[in-house]
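Asker: Sequence:
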Amino acid sequence: MLPKFILTRLWRRVLVRQRLKLYLTSNDLFSCRLVCRDLATQLEPVLFEDITIRFRCRSLSRPSRVSALERIGRHIQQVTFAIAHTAETFLPPVIDADTGKEQTFVYTPQHQQRSPKSPKYGTWEMTDLLVKQYPPLFHTATDIPSFVRVLSSMKNLCHLRITCEGQPPSHRYRRSAVDYALISLRIAVEQVSLKFLNSLSLLSVHPAAVLYLQPNMGFGASPASRKRWSQIRQLTIHMESFPYQAGSLTDHFKLLHGYLQSFPELQTLVFHWKGERSLSPVSLASEPCLRNPTNKRSRQSDTSRGNWFLRPLKLPYLQEVELVNVVMDASQVASFLFDHRKSLRELNFQDVVLRTGTWDEALAPLTRISGSDKWKQYQGHERSADVPIMLKPMTTQHSMRRGNHPVQRQYQGPCSLATQGEEHSWGRPDHMKRLAPSSASCRR
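FYI, the numbering used here numbers position 388 of the sequence shown as 381, with every residue one higher than the one before it.
Since the hints were derived computationally from the structure, they do not count as laboratory data. Be careful, since some hints might not be right.
With a straight-line cut-off of 30 Å between C-alpha atoms, the simulated DSS-like cross-links for lysine-lysine are [what the hints assert, rightly or not]: (1) Lys14 / Lys148; (2) Lys188 / Lys148; (3) Lys188 / Lys14; (4) Lys110 / Lys125; (5) Lys247 / Lys220; (6) Lys125 / Lys113; (7) Lys247 / Lys307; (8) Lys94 / Lys125; (9) Lys267 / Lys247; (10) Lys188 / Lys307; (11) Lys335 / Lys220; (12) Lys94 / Lys113; (13) Lys335 / Lys307.
Simulated restraints, written as ranges between beta carbons of each label pair [unchecked claim]: (14) Pro216 / Tyr100: 19 to 25 Å; (15) Asp89 / Arg49: 27 to 33 Å; (16) Ser111 / Ser57: 28 to 34 Å.
Glycine included, each C-beta is placed from N, C-alpha and C at the ideal position.
All chains should be modelled from the sequences, with the hints used to inform the complete structure.
Answerer: Following this line, the structure appears as structure tokens:
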């Protein structure tokens, strides 16, 4: 057996470390920590770079777990909060034991540790009812200081993932303990100094999740709430599809539209509808069902708020977009491409269906922007399309990395339409980026 110090020296070599990580499982690496203290210290950044926290009654308050998070927190760069919908998260109506009538509970988040002499839920009567009738998981979900304490140990956090699986369709309009946990998690993210946080992934979330993660008008939001979320550059949302038919309620679409506008610095947007195909999140402002309510409840709601329309979604720094399982109009695709022509570099449409128009009409802005229709020459042979790449004015041919094929070159820098001259002409094929065949599998 090799001496302990030799194993430690080998692990410090980057190439050796990368090879070992490919062939060793997490359990093997955990076993390697038992070799010696030095090797255990070297393994910590690898083992605790990405962790998962499953939300349970004492997962955030147990002293041993909190102490462990404080020890390894500096190594954590990615964390997944798994908050599943179960029987324990279901919240029944609050019933007054004396009168038998249902009581209305208005939740006000407590940002700071409360005094024992003050009620946690507004009044002593309501606090007593909730303690007796609501499950313990609800009280854990409303313990905001515990969320703050956990996130405070992750100063180097870069990527936050949230999963909320298992909500029954019949509970779409019911609030559960999961929703209160999302409120607490959002407030904790806004309070803790997370300077490196730039990626957010909402995986398998229910449609109402964006209401409780909304920093602008959410529960317990403050004028400074949006500052933390403006750091996000990459946003991924996998949302359970909400079946929509003519005359149905559209509140979930409006909430989603408002939530996407909370990320003004967004560069990458990935959105998947899980289940039935639904409306495109980037073109909700132009949906007729959101502009002209057809059902009675929507008309009454819009009348009470005044006759207003959704503001079009504008993300000035958006570079990459991926839409999966959505339905759009050709005019909506064309409008989105033209509005984001100065920044957009890559499109990825999978299982996208056009209600009206053709894909030639949808991608017509590419011809207007480039001044040529050469991007169409590959459509007859492969299920792929070319999207123009917009370069900085100072970009030259010497700063480009050339490939074997002219359409496979990679370019650096954001987009600009201000360049002039022949070497920056939009009609040239070397200003077109080829999408992979799997990245533009759009249905006609």
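Asker: Does each hint fit the structure? Answer for all of them.
Answerer: Okay, the hints, checked on the actual structure:
no.	hint	in the structure
1	Lys14 / Lys148	25 Å, holds
2	Lys188 / Lys148	8 Å, holds
3	Lys188 / Lys14	28 Å, holds
4	Lys110 / Lys125	19 Å, holds
5	Lys247 / Lys220	22 Å, holds
6	Lys125 / Lys113	14 Å, holds
7	Lys247 / Lys307	15 Å, holds
8	Lys94 / Lys125	16 Å, holds
9	Lys267 / Lys247	18 Å, holds
10	Lys188 / Lys307	25 Å, holds
11	Lys335 / Lys220	25 Å, holds
12	Lys94 / Lys113	22 Å, holds
13	Lys335 / Lys307	12 Å, holds
14	Pro216 / Tyr100: 19 to 25 Å	20 Å, holds
15	Asp89 / Arg49: 27 to 33 Å	30 Å, holds
16	Ser111 / Ser57: 28 to 34 Å	29 Å, holds
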